[in-house]
Amino acid sequence: MSIVELNELTKYYKKTRGIKDITFSIEEGEVFGFIGPNGAGKSTTIRTLLNFIYPTSGSATIFGKDVVKHSKDIRRDIGYLPSEVNYYDDMRVMDLLVYSEKFYKKSNKPRLQILAERLDLDLTRNIEDLSFGNRKKVGIVQALFHEPRLLILDEPTGGLDPLMQNVFFELITEERKKGSTIFFSSHILSEVQRMCDRVAIIKDGELIQVESIENLIKNNFKTVILTFNEPTEANIDLAGIVQQEAEGDQIRLLYSGNIRELLNCLQQLPLQDIRIEEPSLEEVFMHHYEK
Amino acid sequence: MIFRREMKRNLKSLIIWSLILSGLVIMTLSLYPQMAADQQAINEMLEVYPEPLKKAFGMDKVNFGSLLGFYAIQVYMMTTLVGSIYAAIMASGILVKEESEKTIEFLLSKPVNRSEIIMQKLGTVVTNLLVFNIILTSTSLLGFQFADGAEYSGKVFALLAFATFLLHLTIASVSFLLSALMRKTRNIVSLSLGFVFISYFLHITAGVAEKFEFLEYVSFFKYVDAGEIIVNESIRVLFIIIMLAVIAVCISAAFLYYEKKDIAV
Numbered sequence: 001m002s003i004v005e006l007n008e009l010t011k012y013y014k015k016t017r018g019i020k021d022i023t024f025s026i027e028e029g030e031v032f033g034f035i036g037p038n039g040a041g042k043s044t045t046i047r048t049l050l051n052f053i054y055p056t057s058g059s060a061t062i063f064g065k066d067v068v069k070h071s072k073d074i075r076r077d078i079g080y081l082p083s084e085v086n087y088y089d090d091m092r093v094m095d096l097l098v099y100s101e102k103f104y105k106k107s108n109k110p111r112l113q114i115l116a117e118r119l120d121l122d123l124t125r126n127i128e129d130l131s132f133g134n135r136k137k138v139g140i141v142q143a144l145f146h147e148p149r150l151l152i153l154d155e156p157t158g159g160l161d162p163l164m165q166n167v168f169f170e171l172i173t174e175e176r177k178k179g180s181t182i183f184f185s186s187h188i189l190s191e192v193q194r195m196c197d198r199v200a201i202i203k204d205g206e207l208i209q210v211e212s213i214e215n216l217i218k219n220n221f222k223t224v225i226l227t228f229n230e231p232t233e234a235n236i237d238l239a240g241i242v243q244q245e246a247e248g249d250q251i252r253l254l255y256s257g258n259i260r261e262l263l264n265c266l267q268q269l270p271l272q273d274i275r276i277e278e279p280s281l282e283e284v285f286m287h288h289y290e291k
Numbered sequence: 001m002i003f004r005r006e007m008k009r010n011l012k013s014l015i016i017w018s019l020i021l022s023g024l025v026i027m028t029l030s031l032y033p034q035m036a037a038d039q040q041a042i043n044e045m046l047e048v049y050p051e052p053l054k055k056a057f058g059m060d061k062v063n064f065g066s067l068l069g070f071y072a073i074q075v076y077m078m079t080t081l082v083g084s085i086y087a088a089i090m091a092s093g094i095l096v097k098e099e100s101e102k103t104i105e106f107l108l109s110k111p112v113n114r115s116e117i118i119m120q121k122l123g124t125v126v127t128n129l130l131v132f133n134i135i136l137t138s139t140s141l142l143g144f145q146f147a148d149g150a151e152y153s154g155k156v157f158a159l160l161a162f163a164t165f166l167l168h169l170t171i172a173s174v175s176f177l178l179s180a181l182m183r184k185t186r187n188i189v190s191l192s193l194g195f196v197f198i199s200y201f202l203h204i205t206a207g208v209a210e211k212f213e214f215l216e217y218v219s220f221f222k223y224v225d226a227g228e229i230i231v232n233e234s235i236r237v238l239f240i241i242i243m244l245a246v247i248a249v250c251i252s253a254a255f256l257y258y259e260k261k262d263i264a265v
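Going down the list, the protein sequences come from chains Z and C.
Per my numbering, residue 1 is the first one in the first sequence, and the count goes up by one each step.
Per my numbering, residue 1 is the first one in the second sequence, and the count goes up by one each step.
Each hint should be verified, as a subset may be incorrect.
Stated by the list, open to error - Example chain Z residues on the side facing chain C (calculated, C-beta under 8 Å, incomplete): (1) R17; (2) F24; (3) R47; (4) L50; (5) V68; (6) K69; (7) K72; (8) R76; (9) N86; (10) Y88; (11) D90; (12) Y104; (13) F169; (14) F221; (15) F228.
Read the hints as simulated data drawn from the structure, not as lab findings.
Even glycine gets a Cβ: it sits at the ideal position worked out from N, Cα and C.
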């Protein structure tokens, strides 16, 4: 059985588009990425699944239950981490977590402690005084502690430093081993590549493609920025270069191919500097999905 | 859960408002013995008051020298008006605050229905008003001790206390509906306070001159007019029905709207 199923799910805010005809499903035990640029409709989809907002048309089910009719039932087994974490400013971290815990049948205080320790979260601090990253940690604890069947994470790593991101991915991996299904949205390609089995790609409110991660990695795009001593022209000849453009003494390449071949080729050039980066999603979309 | 949390969160303002208003009530009532002693002088002073002014504050109907008359003119105005302000501020914030501060995203991701959220918040409003009114009524009774055995009708006082509570509930229901409709707290306090003051102003206006009497049905303050209650020893049934109807309509509308509201913070 699919854990999450979206069926031509559409949401308009008055006249403006939210999402349009989104259809895909997530299988039990899967780590499913949801990727797209900002404003593509990721959060809208998630909010519809959680019934914060009502679909304009289409439908969705979680655990086989309709997300509108059985929202409360569904949310018993969901852990949700919003992209921007906002909590009551008159509470301490501990107060919030205890309040959160009271909504669920099972109580598990030791787990709360363990999670907080792993994330290096001080339970006695006032929420008001927490930084963005520390608030996110509170969000992670309240999403994970009741060991939900489905985790919905909206841009979970934003605000976390690399060390904490690692801890976070460890925690997610552990949940996965216990059999949880994980649905997480992101606009960072590498993050999705690291974790997910499959990804859905969304742009301008429409689903572009659902793809296995192997396919994404196969088209492992890199942006390569080369700096020369003097102004130059874009004339590097190598299979795998999708696009190149020169600007002053710089050439900007979008490359998808064997990294060693690229390095071999670059070795012969009179380079002053080189930068290899993750391409932005927009770049990837433009040259891959619109072919 | 939500009820307990909201009670805790609103406790401080309940205490502050109760203390301030109780203080005012006690202070005012402590002046009564002096007033009663100088009855002659006061009646002479009232003689020269312009008629409309007396009407506006209900002084044409009640005897200023009697304990309940004094209460009606000096204290009742405070408990109804100031109490309504408290009711409006408290009830208007209670739902919209979660949305404005985006904490609703936390609450709605927990296994809880929207109707449960709204029910428990409504419970908080009613409980706070009940406690608030019990404190006010007790303080008034305490203040009556200053009068040193002055006679007053317990029935009329009970009616006045009931009318105050009913008025607070009505104002709170209207504010509660506003709270369900709005998305941001920015304007809501001014909106609901504006409603209270306009109602009060209309009430005064309706009292001043006969040609404004059509305003009678417009203001909730008119419904609980102390003069009428003291003279008739009853509240008009029609007014009670209207207020109960307003409460029922506002609360049902709040439930229905909130249930279907798109909550995207």
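Going down the list of hints, with the structure as the test:
1. R17: Violated. Min distance 14 Å.
2. F24: Status violated, d = 22 Å.
3. R47: 6 Å, holds
4. L50: At 6 Å from the nearest chain C Cβ, L50 of chain Z passes the 8 Å test, so the hint holds.
5. V68: This hint is violated: V68 of chain Z lies away from chain C, its Cβ roughly 10 Å from the closest one there, beyond 8 Å.
6. K69: At 12 Å from the nearest chain C Cβ, K69 of chain Z fails the 8 Å test, so the hint is violated.
7. K72: Check passed: Cβ of K72 of chain Z comes within 5 Å of chain C, closer than 8 Å.
8. R76: OK, holds: R76 of chain Z within 8 Å of chain C, min 4 Å.
9. N86: Holds, because the Cβ-Cβ distance from N86 of chain Z to chain C comes to roughly 4 Å (cut-off 8 Å).
10. Y88: 6 Å, holds
11. D90: 7 Å, holds
12. Y104: At 7 Å from the nearest chain C Cβ, Y104 of chain Z passes the 8 Å test, so the hint holds.
13. F169: 22 Å, violated
14. F221: With a closest approach of 33 Å, the F221 of chain Z hint is violated.
15. F228: 49 Å, violated
The structure fails hints 1, 2, 5, 6, 13, 14 and 15 (numbered hints given earlier, in ascending order).
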